[in-house]
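J.: Generate the whole structure from the sequences, applying the supplied hints.
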Amino acid sequence: MSTIRLTMAQALVAALAAQKTVVGGRTLPLFAGVWAIFGHGNVAGLGEALHGARDILPTLRAHNEQAMAHSAIAFAKASRRRRMMAVTSSIGPGATNMVTAAAVAHVNRLPLLLLPGDVFAGRRPDPVLQQIEDFGDGTVSANDCFRPVSRYFDRITRPEQIIPAFERAMQVLTDPSECGPVTLALCQDVQTEAYDYPESFFAERIWQPRRTRPDEQELAQAVALLKGAKRPLVVAGGGTLYSEAEGELARFCLAHGIPSAETQAGKSALPHDNPLNLGAIGVTGTGAANDAAKHADVVLAVGTRLQDFTTGSRALFADPECRIIGLNTQGFDAGKHGAQPLVADAKAALAELEAALAGWKAPAGWSAQVQASRDAWLETAARYTAMSNQALPSDAQVVGAVQRQSRASDVVLCAAGGLPGELHKLWQAGAPGGYHMEYGYSCMGYEIAGGLGAKLADPAREVFVMVGDGSYLMMNSEIATSVMLGVKLTIVVLDNRGFGCINRLQNATGGASFNNLLRDTRHETLPEIDFAAHAGAMGAISRKVAGLAELETALAEARGHDRTSVIVIDTDPLISTDAGGHWWEVAVPAVSVRDEVKAARKRYDGALAARDN
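For the sequence shown, the working numbering gives the first residue as 1, with consecutive numbering after it.
Just so you know, the hints here were simulated from the structure itself, not pulled from any lab data. Just so it is clear, CB atoms sit at the ideal spot from N, CA and C, and this is done for glycine as well. Errors might be hidden in some of the hints.
Now the in silico label distances, taken between C-beta atoms and shown as ranges [said to hold, decoys possible]: (1) Lys361 x Ala537: 21 to 27 Å; (2) Glu167 x Glu528: 30 to 36 Å; (3) Ala609 x Gly536: 36 to 42 Å; (4) Ile529 x Gly365: 41 to 47 Å; (5) Ala224 x Arg251: 18 to 24 Å.
Simulated crosslink set (DSSO-like; lysine-lysine; CA at most 27 Å straight-line) [claimed, not checked]: (6) Lys336 x Lys230; (7) Lys336 x Lys227; (8) Lys361 x Lys347; (9) Lys227 x Lys294; (10) Lys544 x Lys602; (11) Lys336 x Lys347; (12) Lys230 x Lys347.
T.: Set out below in structure tokens:
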């Protein structure tokens, strides 16, 4: 057996560079690059190895470790899990900064390879700088924080261990059912130790998604349920897009006259103008989709986790006889809510379902009912997004302005606060992947870093990042990274002076406005933050606009700019789209001195009774 003598870090980097995939008939590196912020725990080992491979495995530097990982996650999401990136940090705060991002990848079932530095395996300098010591367990380091938010975790304490660990990591990262974050904690002395590695470890390997076909019995049971349905509904989740099954979904719905609703992750699987697309479902859903869900007797849930925002905290599918078919690559998700599982790849299973249902269509009366509901919702939504000259526009009106300046190929990206609800209901997605929302973990701070990753994945598409002032203040450093890398974004900052979304929720549950809007916090002086000046200081083209008309002008100009633009607009923190939507279970105090809380608790108890009975 031929061998090559390398350090463990050099071997890992060479193995990363050897992994390939095929996209659109082209063979491409599976790992598009490695995000890196170096410290004493990775600069001498992994840093030296990455420098040696910089021409075949690009190394990208950012300004925050969590943001680097968010960019890598967004890259994988925009690439439909066909390509991915790795992220490395030093031991200590650099590593623990990435734990939040690992949770984002875990919840959203996205591939992310984390390579944090770790303690010395030999323990001679023990405790090393930044080492967290467990008083009762000498094997624990700060990187153990990654265990609950990793699909696979390993600590490399000998150089040869990287061989089986890397093989297992690749299986997890590329398997549609297991896909999620992998953490390989790299002991810093082991990174630099040499070993005679077999040449086979560096052989090129092409990874393509496994397309599991449905079990014959599960398929037959699903077909029987659908053939017996009077009011069938599809719920398209993120797995539809990950599987590249949007074409199969469109053909399936058209062939059988079944309307489709979309989760946050599944939005854009069908274009907005598809007549069978009822739009968003659930807590932030359209009136059309939620009305269909209320009456549906069979729901085909395609690639969705059926979390509480999708199901209205299990109250949305109101027909007591309603049956769910859980089409998912992961059995854990396929069986949720007592569903009839259909464990399979969405693309493969939808094609087989369509063939098995040949000649069958949903009742014409159901199709007419949902079509009328869709038409009524479109008229309603248009009123919320229409142009206005009011001094403080609503988030919905800003969404409308961005929509009017967008093209079908553009991407709108967001993550947290009130904007995801407005966008879910109101944004009209043109092409698959044109709606990029991180709402599985709803992670504030994802937006700008995520926009960077999405643009790296598909440079030809314009990326519009919509972000509130609260999220902007949490993480904005990657504006500078986007300028540095020449990765152009258009960022719209909606400044409502605080956390407007949670303030509205606080009020809805009977609470007084408290500690969310800046004016309701303990303060000596209210800050007057100049977001445009701040963004400009990081190299962006920036401006503050006075209203919607000026916003649209600025958006049109930004399309022609050669670098990142940041456009700031003041908005009203109290207004949201009150049409559509559904109840969401947020527990209300059973005892309070506030009459508003008592009234909210009464409403809460009534909603629980309605759901549970």
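J.: A separate judgement is required for each hint: does it hold in the structure or not?
T.: A quick look at each hint next to the structure:
1. Lys361 x Ala537: 21 to 27 Å: violated (59 Å)
2. Glu167 x Glu528: 30 to 36 Å: The hinted range 30 to 36 Å is violated for Glu167 and Glu528, with Cβ atoms some 55 Å apart.
3. Ala609 x Gly536: 36 to 42 Å: Because 54 Å falls outside the window, the suggested range is violated.
4. Ile529 x Gly365: 41 to 47 Å: violated (55 Å)
5. Ala224 x Arg251: 18 to 24 Å: The hinted range 18 to 24 Å holds for Ala224 and Arg251, with Cβ atoms some 21 Å apart.
6. Lys336 x Lys230: holds (23 Å)
7. Lys336 x Lys227: Roughly 22 Å separates the two Cα atoms, so the pair holds.
8. Lys361 x Lys347: holds (20 Å)
9. Lys227 x Lys294: Status holds; Cα separation ~20 Å.
10. Lys544 x Lys602: violated (44 Å)
11. Lys336 x Lys347: holds (20 Å)
12. Lys230 x Lys347: Roughly 25 Å between the alpha carbons, so the hint for Lys230 and Lys347 holds.
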